[in-house]
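Q: Quick mapping for you: the protein sequence lines, in order, are chains V and D. In terms of this note's numbering, the first sequence opens at residue 1 and continues consecutively. In terms of this note's numbering, the second sequence opens at residue 1 and continues consecutively.
Derived by calculation from the structure, the hints in this document are not laboratory data. Certain hints may be false.
Because identical chains share one entry, a pair is satisfied inside a single copy or across any pair of copies.
Unchecked claim - The calculated SDA-like cross-link candidates involving lysine to any residue, where the alpha carbons are at most 25 angstroms apart (straight line), are: (1) LYS15 to ILE26; (2) LYS184 to ARG161; (3) LYS184 to PRO202; (4) LYS184 to LEU238; (5) LYS184 to GLU317; (6) LYS184 to ARG162; (7) LYS15 to PRO245; (8) LYS267 to GLN84.
Protein chains: 2
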Amino acid sequence: MRISILGGGGFLGRKVAARLARDGRIGDRQVTALTLFDIAEPPPPEDAPFPVRRVAGDVAELPEAAIPPDTDIVFHLAAVVSAQAEADYDLGRRVNLRGTDSVIDACRRLSRPPRVVFTSSVASFGGGQNAVLADDARQIPGNSYGTQKAIGELLLADASRRGFLDAVSIRLPTVTVRPGRPNKAASSFVSGIIREPLLGLPAELPVSDDFAVWICSPRRAVDWLLHAATLDTGPMGLDRSVNPPGISATIAHMLQALDEVRPGASKLVARVADPAIADIVGGWPTAFDPVRARTLGFAAHEPLVELVRAFVADDLEATRRERASPG
Amino acid sequence: MRISILGGGGFLGRKVAARLARDGRIGDRQVTALTLFDIAEPPPPEDAPFPVRRVAGDVAELPEAAIPPDTDIVFHLAAVVSAQAEADYDLGRRVNLRGTDSVIDACRRLSRPPRVVFTSSVASFGGGQNAVLADDARQIPGNSYGTQKAIGELLLADASRRGFLDAVSIRLPTVTVRPGRPNKAASSFVSGIIREPLLGLPAELPVSDDFAVWICSPRRAVDWLLHAATLDTGPMGLDRSVNPPGISATIAHMLQALDEVRPGASKLVARVADPAIADIVGGWPTAFDPVRARTLGFAAHEPLVELVRAFVADDLEATRRERASPG
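Let's have the full structure, built from the sequences with the hints guiding it.
A: Structure follows, in structure tokens:
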């Protein structure tokens, strides 16, 4: 299988590349070539048993090398994130909308339609605290990022119907625990209250302890992306979007899981109410009833405490090293 | 009020312009200027009591004159129709998607956000025969036109949230009776089985008599567009889309209404089954439960027989003249 990862330099793109390098296969097929595309040349995965080509460029004007002829699978993870798309409308439109059109056009030029796995987002929904969304819930986004993700799903479903490509869009929950540094996303604290105490650092909690959020681990997000790359899309019909089986957790549950892994660590979390942040994240749905994803074979989520343990096993040391370096 | 109609040369655009010229006002406000924009310079309405400016151009690169400074209301009716958007993907994307982005950018340049009334479509839904769709039904389009309309709604809702403009999107039913000539739209027969017999001409019916369709008269469509131009959008929140109160009619009911207006006219309708057409139109929803539209003050539909009478009163003679002329 010849695979391209657009956004291959990002947090999830690097994890998908690392998994492919480790496994050497996807589903029951061997990986024969990997192309990594991003704004800057992405780092290659370690010890890949297949050739890796790295390409830098603008996703809105995708260079042909980003999706070479005979590509079988495209992971379309390239995006401007929520805070940035909200701050700069034109940039969000260019990367998140024109970028997806550009991916569609690149796929149209191939000799056969590739599978395209697209990361949509829970941010494409409203609903708020206490909402449990069914698979057929309407997307009424409260931000430009969510709007652009919902549009990407529509574009890719139509392109699939027309036979340009064969898409699966996964509406990722808030991926937790994100490695690295805190960022300016409104959801940054969701990872922060686990990651920072595990590093021995203080963290601020801007919402109440009974605040609930729909999350998934990076491990499970990668599992879902790989499953989406090989599943039979026949039963999906016109609707190529999936709400994957994340887990709904309150802050209290998350801190309890943290203490189970590192007793007393939650003492480093300070309650510092921030109504502006609470207002934004309070609009996101807190739970889904992902019947369709289960039917389509997407793996159930591991228990919350495993999500904390996975961060310790996979990312804690690398994060510590990265944070110790300047910048 | 300074008003622009994009798609001012089309069937509905001309009807909106004619109504504004006749009334001289919109809601309880006087119309002070009208700009008509289309690919070719649109015809001016007769006896307009306000200045009318006509502009020709490409909606995807909207000339500044199409939406002059101080515009209060924009009717965004410019679109490539369903059969054309299906036959030519790039043209549909250019007009229906880039066109809407271009309208948003023109509105961003104005000193205050104008009301934008957008014609979305029942084609943005699937569902099929026997489905009655609630206001919160998801749009899973089965064609590129419907996809592009659903995307237009998302773009305009986000632009409204950001304060670039203040949008209302109306998902028009199949507008019946369309004046003029039969066209290549799969839905052409819905108007044809009434219009052609009233002209004394034969018509073909490609579906069964119990086939149901969600329709509205051109008169009521214009009423809804004008109401959308002046209603208070405050109660709409993030969701700027409305399923208006059309009527669900079977072919048998439509032919009965035709015979009530012109006894025996339905004898000119020949049953000529066309599985290809039946397959396309069979995917469209046949009824909505438009609670929200009623709450927002959109006028209820007149009885089916009035829809036939309205065509006779408003469009039969003009259609006869047009059809008698060459071309």
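Q: Hints first: check each against the structure and report whether it holds.
A: Hints versus structure:
In this assembly of identical chains, LYS15 and ILE26 lie within 25 angstroms of each other by CA distance solely inside one copy; the values are 14 angstroms within and 58 angstroms between copies. Taking CA atoms no more than 25 angstroms apart as the test, LYS184 paired with ARG161 passes between copies only; the shortest distance there is 21 angstroms, against 37 angstroms inside one copy. Within a single copy, LYS184 and PRO202 get their C-alpha atoms as close as 17 angstroms, which meets the 25 angstroms cut-off; across copies the closest is 66 angstroms, which misses it. Taking the closest pair of Cα atoms, LYS184 and LEU238 come within 25 angstroms of each other only across two copies (24 angstroms); inside a single copy the shortest separation is 36 angstroms, beyond that limit.
Only within a single protomer do LYS184 and GLU317 lie at most 25 angstroms apart by alpha-carbon distance; the minimum there is 23 angstroms, versus 64 angstroms between protomers. Taking CA atoms no more than 25 angstroms apart as the test, LYS184 paired with ARG162 passes between copies only; the shortest distance there is 20 angstroms, against 39 angstroms inside one copy. Proximity of LYS15 and PRO245 under a CA criterion of 25 angstroms is satisfied intra-copy only: 20 angstroms inside one chain copy versus 50 angstroms between copies. In this homomeric assembly, LYS267 and GLN84 never come within 25 angstroms of each other (Cα to Cα): the closest approach is 32 angstroms inside a single copy and 63 angstroms across copies.
Hint 8 from the earlier list is the only one contradicted by this structure; the remaining hints agree with it.
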